Amino acid sequence: MNRMRTMLFCPANQPKHYINAPVFHPDCIIFDLEDSIPPSEKDAARDLLCEALLALPFGSSQVCARMNSLRTPFGEADVRAIVPAGIRFLRLPMCESADDVSALDELLGEVEREHRIPLGSVKIQCSIETARGVLNARQTVSASPRVVSLSFGAEDYTRSMGVGRSTEGTELLYARMYLPVVAAAAGISAVDTVWADLGDTEGFIQEVQQAKSLGFSGKSCIHPSQLSLVHDIFMPSAEDIESAQNIISAMKQAEAEGIGVVTVNGKMVDEPVVSKARRILIQAGKGDDCNE
Amino acid sequence: MNNIKNRLGRDIPQELSGIGTLRPYEHPDKRTERCTALNDKLCCGKLVSNLREAILNSGLSDGMTISFHHHLRGGDYVLAMVMDEIAALGIRDLTLCASSLTTAHGCLIGHIKSGVVTGIETSGMRGALAKAISCDCILDKPVIFKTHGGRARSIESGERKIDVAFIAASCCDNMGNMNGCTGKSAFGSMGYAMVDARFADKVVAITDNLVAYPACPVSIPQTMVDFVVCVDAIGDPQLIGQGATRNSKNPVELVIAQYAAQVMIGSGLVKDGFSYQAGSGGISLAVARFLKDYMKENNIRGSFASGGITSAMTNLLEEGYFQALLDVQTFDAEAVSSLLKNRRHMEMDAQMYADPASKGTVASCLDVMILSATEVDIHFNVNVLTASNGVIMGALGGHPDTAAGAKLAIVVAPLLRKRIPIVVDEVVTISTPGDNIDAVVTERGIAVNPAHPELEERLIRMGLPVCSIQKLRDMACQLTGIPEKPRFGENIVGLVEYRDGTMLDVIHNVLPFSS
Amino acid sequence: MCKETPRCSIIAAATAGFERPQDCKVTVQLKTEGGISIRLHGANAHMFDRSIRQSAEDALRKLDVFHADVELMDFDSLDFTIRARVATAVRRAVCELQKAGAAVE
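Protein chains in written order, with our numbering: chain F, -7 to 284; chain W, 1268 to 1782; chain U, 1461 to 1565.
No lab work stands behind these hints, which were simulated from the structure alone.
Take these hints with a grain of salt, some might be off.
[Unchecked claim] Here are the simulated EDC-like pairs of lysine to aspartate or glutamate, each with C-alpha atoms no more than 20 Å apart in a straight line:
(1) W:Lys1516 to F:Asp192
(2) W:Lys1738 to W:Asp1692
(3) W:Lys1685 to W:Asp1741
(4) U:Lys1522 to F:Asp97
(5) W:Lys1516 to F:Asp189
(6) F:Lys244 to F:Asp232
(7) W:Lys1408 to W:Asp1329
(8) F:Lys244 to F:Glu234
(9) W:Lys1408 to W:Glu1423
(10) W:Lys1563 to W:Asp1539
(11) W:Lys1608 to W:Asp1634
(12) F:Lys244 to F:Asp224
(13) W:Lys1516 to F:Asp232
(14) F:Lys8 to U:Glu1479
(15) W:Lys1380 to W:Asp1403
(16) U:Lys1559 to F:Glu33
(17) F:Lys8 to W:Glu1564
(18) W:Lys1752 to W:Asp1741
(19) F:Lys268 to F:Asp232
(20) W:Lys1752 to U:Asp1518
(21) U:Lys1485 to F:Glu33
(22) W:Lys1538 to W:Asp1503
(23) W:Lys1685 to U:Glu1493
(24) U:Lys1485 to U:Asp1518
(25) U:Lys1522 to U:Glu1493
(26) W:Lys1685 to U:Glu1479
[Unchecked claim] Computed from the model, here is a short list of chain W residues facing chain F with C-beta under 7 Å:
(27) Val1478
(28) Glu1520
(29) Val1522
(30) Gly1712
Quick caveat, the model's predicted, so the values are computed rather than measured.
Built from N, CA and C at the ideal position, the CB exists for glycine as well.
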């Protein structure tokens, strides 16, 4: 599992984003081929993404692409073009069932074989954006080992629910409480929906803090100015980091000595404790410390 | 001992040993003052009816040197008005010594072509005039580019003699006391003009706001002024106050500003009593904002901020982050108001600011200065004068002076502008030598001059993206590719003078790209 | 461009890209013969003339296009954008061709 505190959205048809996005060091840059691109420009956006992947450095940021749904005329063409060009992480929009994931999984297998890419290299983030999607989330994320993350999209979700969006976000509560649970059970990361009002910093901070306490590991962002706030909020405290490091080293030592049960600070260290410690270190950017 | 009776009947010895010859009192009206505007009585003042009269009375003739200041920036009317009058009078072959030239001075193209102006000294030039000089070689003699401090030095030493100084003032009385901070065309500090007034043979004050005697406050006193002319308008108030103080929202500029602020903090210089100068561009202003946050958190009070003063700086003064502001040029209306009202916002002239031959400059008291650049090379040389295509488009200003004087000189610039790499092997024109530059901050990396390994070490420990200047050049090249080098001709169209009068670089004319 | 040889004809044409900073607008006219010709416009295009032309030629070659007239209006785009926009224009032109039912040489 990689650190996913921020996913910075960049419309894939604007050259300047490819040049500038890495400068802001989001954990992940997500180039959008879907909603922000009009149908007449889907082909152009795809070509731009392919050429950019071949030519430009992206620094320490992961690169993801939000492809078009396989139910549209564009989805398959997206995958067949951008995976050989280097994309190894796809956000699949409108995931409503395990079938959606299986279809992509199958297509990816075909493309990987055709282009001699190691099977299973391309990972999937399921974007849950509808009522059905939320209810089927458990099966959806388990449909393929490629699924390493899920994301929540509030705009389409509220549309599917037939409700408007409020400042308090009550209409999103169920989805935002349920999806991190699904993610935790599946051992994957969960990324919260975008905050669109760039003028309301206080509201933004509140929502990010709430996302963290609900168990999200990060948030989709639409502007670089949002990144450092999200990074700070999702950064574990120094005490948590130290504690996690102690737990992991105790675990490693016990493994080396062939001892089964370990205690740290009087508390037994079992699998959930180790898992949590690993997640904390990944969030803190010390993923190497935990031998992932 | 021989005595002479003076007019009042007193016996005055003709000579006394140890003192010398004595002159007996003759007449109350016998003046020896320098002021030449007077024909008869002093109380009429120095006011003449128009510019033409002032020019005639000044004795301006072919081959002389005239000077102007650029405190009115892009809104200046005065240079154009004066030049038109001079041309109409048939005076020719003049050397123009300007503190700088702006987009308001395109009229000079015509005056150069007609032979009225045959030599130019300036800190910089832009727009059509600069292009005409760079590409069309309209001027036979090369333009001499001087820093603010270098200009002051050359005027004070006599190396550059000014025959007539034309000084625009937004407020002036009939005796020539003037200031730039009151009146409809207020522009703030008269720092550059003060040097001209002090050393020029004749001084003509030009105002659109003639006030009752005495003007208040007095930036340039009557003792230096020969003639006063009142015109309808000395400039366009909109354009005078334009430029600075837009809060940058450009995310790349903010990244650069953040890094620059952290470099300053990492240097250890940001502590009580520290001093600071920055430009008026978007990045510089953003640095000021980040600096303020750090100073607030750590209870730091700076001693002074200097240079071109913007409202961002006057806010810092008012809120107590600095003890004083030293202002050689004021950039916006709010800052002009601050100059007028706040005792701790002080006007300073170009000599005090940066003249290396003076008894001490503000530039050499600076801790940190921030400057932008059109290009930087791997030797840390900076170009602010010409674009990557070789055409003149900028100004030396006080950058080379403050970079030489400050303890820490930081260049801030994006790694590329459009498709042009900013970090290159060799800059087209050197305006500040790399010896005086300590760090280059871009959005993709920070390069520290190898002369400062301790600073580099500290910045690395802070987790900043430090790398070599060669790496920055490589990163830029990888993105942009290598541009075609500009093609230069044989003519020397510009000389770049270092602040001490020695020659830093030479600018050749730019040939058109063959297509 | 093709006025000399009567047999040379433009079989399809298409445009891609936009006239905005760091982008370029490319029009590709596919031909049956006559080789590749590239006309480049743009305030700063001369500074990267060789690189831009090379990128355009690379993109054409990658798609097996050997005869085309390319009109490129550059707004300080980097090479990857040139390649992408040329590729998109070619693909769109080919699409036009397929729609028209004409045979591709």
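Against the structure, the hints come out as follows:
Distance hint between Lys1516 of chain W and Asp192 of chain F is fulfilled; the C-alpha atoms sit about 15 Å from each other, no more than 20 Å. For the suggested pair Lys1738 of chain W and Asp1692 of chain W, the alpha carbons sit about 11 Å apart, so the restraint of at most 20 Å is met. The hinted pair formed by Lys1685 of chain W and Asp1741 of chain W meets the criterion: a straight-line CA distance of about 17 Å does not exceed 20 Å. Taking the CA atoms of Lys1522 of chain U and Asp97 of chain F, the gap is about 29 Å. The hint is violated against a cut of 20 Å.
A threshold of 20 Å between alpha carbons decides the hint, and for Lys1516 of chain W with Asp189 of chain F the separation of about 16 Å falls inside it, so the pair holds. Straight-line distance between C-alpha atoms of Lys244 of chain F and Asp232 of chain F comes to about 18 Å, which keeps the hinted pair within the 20 Å bound. As the CA atoms of Lys1408 of chain W and Asp1329 of chain W are separated by approximately 16 Å, the hinted pair is consistent with the 20 Å bound. Restraint check for Lys244 of chain F and Glu234 of chain F: satisfied, since their Cα atoms lie roughly 15 Å apart, inside the 20 Å limit.
For the hint linking Lys1408 of chain W to Glu1423 of chain W, the alpha-carbon distance of about 23 Å lies beyond 20 Å, and the restraint is violated. Between Lys1563 of chain W and Asp1539 of chain W the CA atoms are separated by roughly 12 Å; this keeps the pair inside 20 Å, and the hint holds. Our distance criterion of 20 Å between C-alpha atoms is broken by Lys1608 of chain W and Asp1634 of chain W, whose separation comes to about 27 Å. Simply put, Lys244 of chain F and Asp224 of chain F have alpha-carbon atoms about 29 Å apart, too far for the 20 Å limit, and the pair is violated.
Taken as a hint, the Lys1516 of chain W and Asp232 of chain F pair is broken in the structure, with Cα atoms around 35 Å apart against an allowance of 20 Å. In summary, the hint linking Lys8 of chain F to Glu1479 of chain U is supported, as the alpha carbons are separated by about 13 Å, within the 20 Å threshold. Distance hint between Lys1380 of chain W and Asp1403 of chain W is fulfilled; the C-alpha atoms sit about 11 Å from each other, no more than 20 Å. With a C-alpha separation of about 18 Å, the suggested pairing of Lys1559 of chain U with Glu33 of chain F holds against the 20 Å cut-off.
For the proposed pair Lys8 of chain F and Glu1564 of chain W, the alpha carbon gap of about 36 Å is over 20 Å, so the pair is violated. As the CA atoms of Lys1752 of chain W and Asp1741 of chain W are separated by approximately 17 Å, the hinted pair is consistent with the 20 Å bound. Between Lys268 of chain F and Asp232 of chain F the CA atoms are separated by roughly 10 Å; this keeps the pair inside 20 Å, and the hint holds. For the given pair, Lys1752 of chain W sits about 24 Å from Asp1518 of chain U by alpha-carbon distance, which is inconsistent with the 20 Å threshold.
Restraint check for Lys1485 of chain U and Glu33 of chain F: satisfied, since their Cα atoms lie roughly 13 Å apart, inside the 20 Å limit. A distance of roughly 41 Å separates the Cα atoms of Lys1538 of chain W and Asp1503 of chain W; the hinted pair therefore is violated under the 20 Å criterion. Between the alpha carbons of Lys1685 of chain W and Glu1493 of chain U the distance comes to roughly 36 Å, so the proposed pair goes past 20 Å and is violated. For the proposed pair Lys1485 of chain U and Asp1518 of chain U, the alpha carbon gap of about 17 Å is at most 20 Å, so the pair holds.
About 18 Å separates the Cα atoms of Lys1522 of chain U and Glu1493 of chain U, which keeps this hinted pair within 20 Å; it holds. A distance of roughly 14 Å separates the Cα atoms of Lys1685 of chain W and Glu1479 of chain U; the hinted pair therefore holds under the 20 Å criterion. For Val1478 of chain W, the interface hint is violated, since its Cβ never comes within 7 Å of a Cβ in chain F; the closest pair sits about 46 Å apart. For Glu1520 of chain W, the interface hint is violated, since its Cβ never comes within 7 Å of a Cβ in chain F; the closest pair sits about 11 Å apart.
At a threshold of 7 Å, the smallest CB-CB gap from Val1522 of chain W to chain F is about 6 Å, leaving the interface hint in force. Taken as an interface hint, Gly1712 of chain W does not check out: its beta carbon lies about 10 Å from the nearest beta carbon of chain F, beyond 7 Å.
Comparing the model with each earlier hint shows violations of hints 4, 9, 11, 12, 13, 17, 20, 22, 23, 27, 28 and 30; every other hint is respected.
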